[in-house]
Amino acid sequence: MTVKPLLIFKILTTKQRISDRLRTRVRSSCRQAPAQTDSTLSHLKKPIAESGESSNYSVFQFSLFNRLSTNCFIINMGTIFKSITASVFLCLCLFPVVFCNPDEGLYRIGLKKRKFDQSNRVAAQLGSKEGEAYRTSIRKYHLCGNLGGSGDADIVELKNYMDAQYFGEIGIGTPPQKFTVIFDTGSSNLWVPSSKCYLSIACFLHSKYKSKSSSTYKKNGKSAAIHYGTGAISGFFSEDHVKVGDLIVKYQEFIEATKEPGLTFLVAKFDGILGLGFQEISVGNAVPLWYNMVNQGLVSKPVFSFWFNRNADEEEGGEIVFGGLDPNHYKGKHTYVPVTQKGYWQFNMGDVLIDGKTTGFCASGCAAIADSGTSLLAGPTSIITEVNHAIGATGIVSQECKTVVSQYGEIIISMLLAKDEPKKICSQIGLCTFDGNRGVSMGIESVVNENTQRASGGLRDGMCSTCELTVVWLQNQLKQNKTQDLILDYVNDLCDRLPSPMGESAVDCNNLASMPNISFTIGGKIFELTPEQYVLKVGEGDVTQCISGFSALDVPPPRGPLWILGDVFMGQFHTVFDYGNMRVGFAEAA
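For the sequence shown, counting from 1, position 542 maps to 542 in full-length UniProt numbering; every step adds exactly one.
Don't read these hints as lab results, they were simulated from the structure. There could be a bad hint or two in this list.
[Claimed, not checked] Restricting the straight-line Cα-Cα distance to at most 27 Å, the calculated cross-link-like pairs of lysine-lysine (DSSO-like) are:
(1) Lys-219 / Lys-243
(2) Lys-342 / Lys-357
(3) Lys-301 / Lys-259
(4) Lys-208 / Lys-269
(5) Lys-178 / Lys-208
(6) Lys-357 / Lys-301
(7) Lys-259 / Lys-331
(8) Lys-250 / Lys-301
(9) Lys-112 / Lys-218
(10) Lys-402 / Lys-113
(11) Lys-222 / Lys-112
(12) Lys-301 / Lys-269
(13) Lys-537 / Lys-479
(14) Lys-243 / Lys-210
(15) Lys-482 / Lys-537
(16) Lys-222 / Lys-210
(17) Lys-219 / Lys-196
(18) Lys-218 / Lys-243
(19) Lys-212 / Lys-269
(20) Lys-112 / Lys-219
(21) Lys-402 / Lys-424
(22) Lys-113 / Lys-243
(23) Lys-537 / Lys-269
(24) Lys-212 / Lys-178
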């Protein structure tokens with residue numbers, strides 16, 4: 001049979017057209033769902049009559065169809081296999097998050113850790129001179145309540161952030177501008193340096209908030225100032241979105257600091273402070289960021305918790321968990337105590353024990369606060385001096401103390417034995433000018449502070465405060481049925497242990513093994529600190545110094561005597577701040 005070249009060309013081109021058309025339609029059907037694909041392929045089995053082509057090519061058409069449909073099956077199987085593989089992989093990735101993740105509803109903020117170093121201690125001591133005026137005149141804050149309109153704000157005055165060791169990162173504005181802050185349960189305001197801070201060198205060394213760079217900025221303009229024990233900041237309020245971890249708090253009030261005078265914030269490793277206390281102590285009555293987290297429904301539970309990593313060899317500083325707590329951060333169960341006074345996270349604490357023996361100082365109860373913004377563990381000078389004596393810590397010798405003991409010691413003992421009211425003894429012997437109602441001191445201040453004593457009435461106040469200390473010491477010793485000579489010798493020795501103006505005392509690093517454990521009673525349970533836990537090491541190698549983690553600070557009644565459980569305590573005990581149930585919980589840190 002002779003086939004004309006034209007017919008051959010027609011056959012070939014027709015086959016090619018059929019082939020191309022079938023490939024196009026089959027490929028299109030391969031992209032469809034399986035049910036649609038079967039329907040389309042069945043339709044393709046019909047002769048392509050509408051194309052005008054001869055049915056002579058039906059054999060070729062069906063042969064080609066079979067090959068293409070087989071390929072389509074392979075393609076679909078490959079696609080299905082890839083889809084299944086991808087789905088399985090995705091499920092494996094999501095399964096731990098969706099079904100097995102115990103952290104659902106928790107938002108974490110990783111903390112950076114800085115070593116407790118000598119340079120910042122020196123800066124803190126220098127900066128403290130700037131804050132002396134605030135400490136000595138603290139009574140004005142009791143009267144006019146310019147810190148949030150509450151006398152509770154006085155404790156903000158004692159804060160010394162120079163020793164702070166734990167920092168976290170937040171973002172303010174849209175897009176977020178990053179700042180390193182201290183998450184501080186002992187204050188309630190958020191502040192960062194402002195781009196409008198022109199005259200303070202400290203502002204030029206830290207990140208500054210630029211309102212013009214944020215699309216969510218809202219002007220407020222209300223002026224604000226916060227005074228600390230080692231400095232002060234002032235500026236004005238603004239509003240903007242604040243990003244904390246994966247949470248975005250909308251239109252949060254915060255302070256743009258335009259003045260950060262002195263050395264305190266100049267050498268600080270942080271840009272600002274994020275307060276997690278109650279609104280009662282908030283400057284300008286600003287709503288704290290934590291309140292807005294709860295009010296805006298950003299957390300599943302009105303609870304946040306702190307875990308500090310005290311292992312000096314590890315880079316991880318710790319974690320704050322908003323919305324609950326992480327079981328991996330603690331051992332056993334928490335001991336909860338109710339918040340007794342809003343402002344700070346304040347609760348009642350029981351007896352303080354030295355090597356398992358009662359001091360009797362807080363046997364009838366003392367107020368205490370859990371304060372993440374304080375590095376040390378602070379308490380009344382009288383008991384802190386006894387603690388430092390027990391651990392062998394040495395401080396600055398107070399001549400006033402020795403004078404009171406030598407000249408008035410026997411008289412005070414006789415008055416105590418005669419059942420005279422202890423609070424009135426110092427006024428009765430002429431060392432104080434009040435009848436015992438003033439309390440330990442007129443303000444939050446360290447008892448031994450030479451510069452403070454130079455202030456108006458400073459010398460008289462110094463002798464008065466020293467007399468008050470002596471009465472407490474003598475009273476405690478009399479309870480132990482010691483002889484008068486032994487009591488006076490012991491109290492005279494305590495004078496040598498009075499801490500420095502910064503409240504710090506040094507210990508011998510080689511004596512850690514022989515130092516006693518110091519314990520605190522909270523909620524009926526004993527929380528014990530070992531020497532390795534309450535002694536802070538400064539420096540490395542031969543130049544290592546060891547600092548007592550116990551700092552002396554006196555808070556007057558009705559708020560005092562007050563204990564401030566800072567990082568030294570919170571580092572050993574995981575701390576839960578339960579806003580919903582108004583309580584604080586402690587458990588051994590993991």
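Structure-based check of all given hints:
1. For the suggested pair Lys-219 and Lys-243, the alpha carbons sit about 18 Å apart, so the restraint of at most 27 Å is met.
2. Note on Lys-342 and Lys-357: the hinted pairing is violated, with a Cα-Cα distance of about 32 Å set against a maximum of 27 Å.
3. The hinted pair formed by Lys-301 and Lys-259 fails the criterion: a straight-line CA distance of about 37 Å is larger than 27 Å.
4. Only pairs whose Cα atoms come within 27 Å are accepted, and Lys-208 paired with Lys-269 is accepted, the gap being roughly 14 Å.
5. For the given pair, Lys-178 sits about 9 Å from Lys-208 by alpha-carbon distance, which is consistent with the 27 Å threshold.
6. Proposed proximity of Lys-357 and Lys-301 is contradicted: the alpha carbons are some 40 Å apart, above 27 Å.
7. For the hint linking Lys-259 to Lys-331, the alpha-carbon distance of about 44 Å lies beyond 27 Å, and the restraint is violated.
8. Of the supplied pair hints, the one linking Lys-250 and Lys-301 holds, its CA atoms being roughly 19 Å apart against a limit of 27 Å.
9. For a cut-off of 27 Å, the pair hint linking Lys-112 to Lys-218 is broken: about 30 Å separates their Cα positions.
10. A distance of roughly 41 Å separates the Cα atoms of Lys-402 and Lys-113; the hinted pair therefore is violated under the 27 Å criterion.
11. Under the criterion of a C-alpha separation no larger than 27 Å, the hint pairing Lys-222 with Lys-112 is inconsistent with the structure, at around 32 Å.
12. A threshold of 27 Å between alpha carbons decides the hint, and for Lys-301 with Lys-269 the separation of about 32 Å lies outside it, so the pair is violated.
13. The suggested pairing of Lys-537 with Lys-479 is violated, with an alpha-carbon distance near 36 Å, which exceeds 27 Å.
14. With a C-alpha separation of about 15 Å, the suggested pairing of Lys-243 with Lys-210 holds against the 27 Å cut-off.
15. Between Lys-482 and Lys-537, the direct Cα distance comes to roughly 36 Å. Violation of the 27 Å bound is thereby established for this hinted pair.
16. The hinted pair formed by Lys-222 and Lys-210 meets the criterion: a straight-line CA distance of about 17 Å does not exceed 27 Å.
17. The straight-line distance between the Cα atoms of Lys-219 and Lys-196 is roughly 14 Å, inside the 27 Å bound, and the hint therefore holds.
18. For a cut-off of 27 Å, the pair hint linking Lys-218 to Lys-243 stands: about 16 Å separates their Cα positions.
19. The suggested pairing of Lys-212 with Lys-269 holds, with an alpha-carbon distance near 26 Å, which does not exceed 27 Å.
20. Between Lys-112 and Lys-219, the direct Cα distance comes to roughly 32 Å. Violation of the 27 Å bound is thereby established for this hinted pair.
21. Between the alpha carbons of Lys-402 and Lys-424 the distance comes to roughly 20 Å, so the proposed pair stays at or under 27 Å and holds.
22. Simply put, Lys-113 and Lys-243 have alpha-carbon atoms about 21 Å apart, close enough for the 27 Å limit, and the pair holds.
23. Between Lys-537 and Lys-269 the alpha-carbon distance is near 19 Å, which keeps this suggested pair within the 27 Å criterion.
24. As the CA atoms of Lys-212 and Lys-178 are separated by approximately 15 Å, the hinted pair is consistent with the 27 Å bound.
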